[in-house]
Amino acid sequence: DTAVSQTPKYLVTQMGNDKSIKCEQNLGHDTMYWYKQDSKKFLKIMFSYNNKELIINETVPNRFSPKSPDKAHLNLHINSLELGDSAVYFCASSQEDISSEQYFGPGTRLTVT
Amino acid sequence: DAKTTQPPSMDCAEGRAANLPCNHSTISGNEYVYWYRQIHSQGPQYIIHGLKNNETNEMASLIITEDRKSSTLILPHATLRDTAVYYCIVRVRGIKAAGNKLTFGGGTRVLVKP
Numbered sequence: 010d011t012a013v014s015q016t017p018k019y020l021v022t023q024m025g026n027d028k029s030i031k032c033e034q035n036l037g038h039d040t041m042y043w044y045k046q047d048s049k050k051f052l053k054i055m056f057s058y059n060n061k062e063l064i065i066n067e068t069v070p071n072r073f074s075p076k077s078p079d080k081a082h083l084n085l086h087i088n089s090l091e092l093g094d095s096a097v098y099f100c101a102s103s104q105e106d107i108s109s110e111q112y113f114g115p116g117t118r119l120t121v122t
Numbered sequence: 034d035a036k037t038t039q040p041p042s043m044d045c046a047e048g049r050a051a052n053l054p055c056n057h058s059t060i061s062g063n064e065y066v067y068w069y070r071q072i073h074s075q076g077p078q079y080i081i082h083g084l085k086n087n088e089t090n091e092m093a094s095l096i097i098t099e100d101r102k103s104s105t106l107i108l109p110h111a112t113l114r115d116t117a118v119y120y121c122i123v124r125v126r127g128i129k130a131a132g133n134k135l136t137f138g139g140g141t142r143v144l145v146k147p
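In order, the protein sequences belong to chains A and B.
Just so you know, we're using the working numbering here: the first sequence kicks off at 10 and counts up by one.
Just so you know, we're using the working numbering here: the second sequence kicks off at 34 and counts up by one.
Please keep in mind that the hints were generated in silico from the structure rather than gathered at the bench.
Careful, some of the hints might be misleading.
[As the list claims (entries may be wrong)] With a straight-line cut-off of 25 Å between C-alpha atoms, the simulated BS3-like cross-links for lysine-lysine are:
1. A:50 to B:36
2. A:45 to B:36
3. A:45 to A:61
4. A:53 to B:36
Just chain A, same shape as in the assembly (with noise of 0.2 Å):
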């Protein structure tokens, strides 16, 4: 029943390294997104995709490479990891062309140490 999930939950890795967060949506969505909400709780676009094409890019390092295999699917790829990558990151998820509300994954807790 759950319809956006990220995997993993939680993610505690060090810096250098390169990590991925999966995310899958089960509505039929056209759009997904990536958000950041750092350690102050400001929520902050990072990515668009809408029918795996990208729409939205708003000034991520080119670390942070986004990956949309198919409508369902938009995974977060991140290399060199650093201390100011530490923050939840969300996936969410649109109808634009119907309801435009976004639907938001339960979030993943990324800990660079």
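Could you slot chain B onto chain A? The hints should help.
Structure of chain B alone, referenced to chain A:
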């Protein structure tokens, strides 16, 4: 997207209506008002949205002033589970070029007390 202004926090008594204000004085004609909330340690949750008419769903009511410069989210009978940060967001809808992103501000931290 137009900027919104919300009070940083408010308390509400359980069982009473909670009225959450939002100012969006620079809203343009094609921008909708959206409300989301984030319960602690969870992803944001959509509540309601509207353009110029008042809207109601099973979660809340949205009252938009006639000049559209402000709105109020009403939780009719607040419960302890409604304790969350509530975000008022204005944005265009369904325009691919705009990216359909949500721009979150600081929101209003609502504490429902027994």
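Evaluated hints:
For the given pair, residue 50 (chain A) sits about 18 Å from residue 36 (chain B) by alpha-carbon distance, which is consistent with the 25 Å threshold. Distance restraint check for residue 45 (chain A) and residue 36 (chain B): the Cα-Cα separation of roughly 20 Å lies within the 25 Å cut-off, and the hinted pair is therefore satisfied. The straight-line distance between the Cα atoms of residue 45 (chain A) and residue 61 (chain A) is roughly 20 Å, inside the 25 Å bound, and the hint therefore holds. Of the pairs offered as hints, the one joining residue 53 (chain A) and residue 36 (chain B) holds, with about 14 Å between alpha carbons and a cut-off of 25 Å not exceeded.
Checked against the numbered hints listed earlier, the structure breaks none of them; every hint is satisfied.
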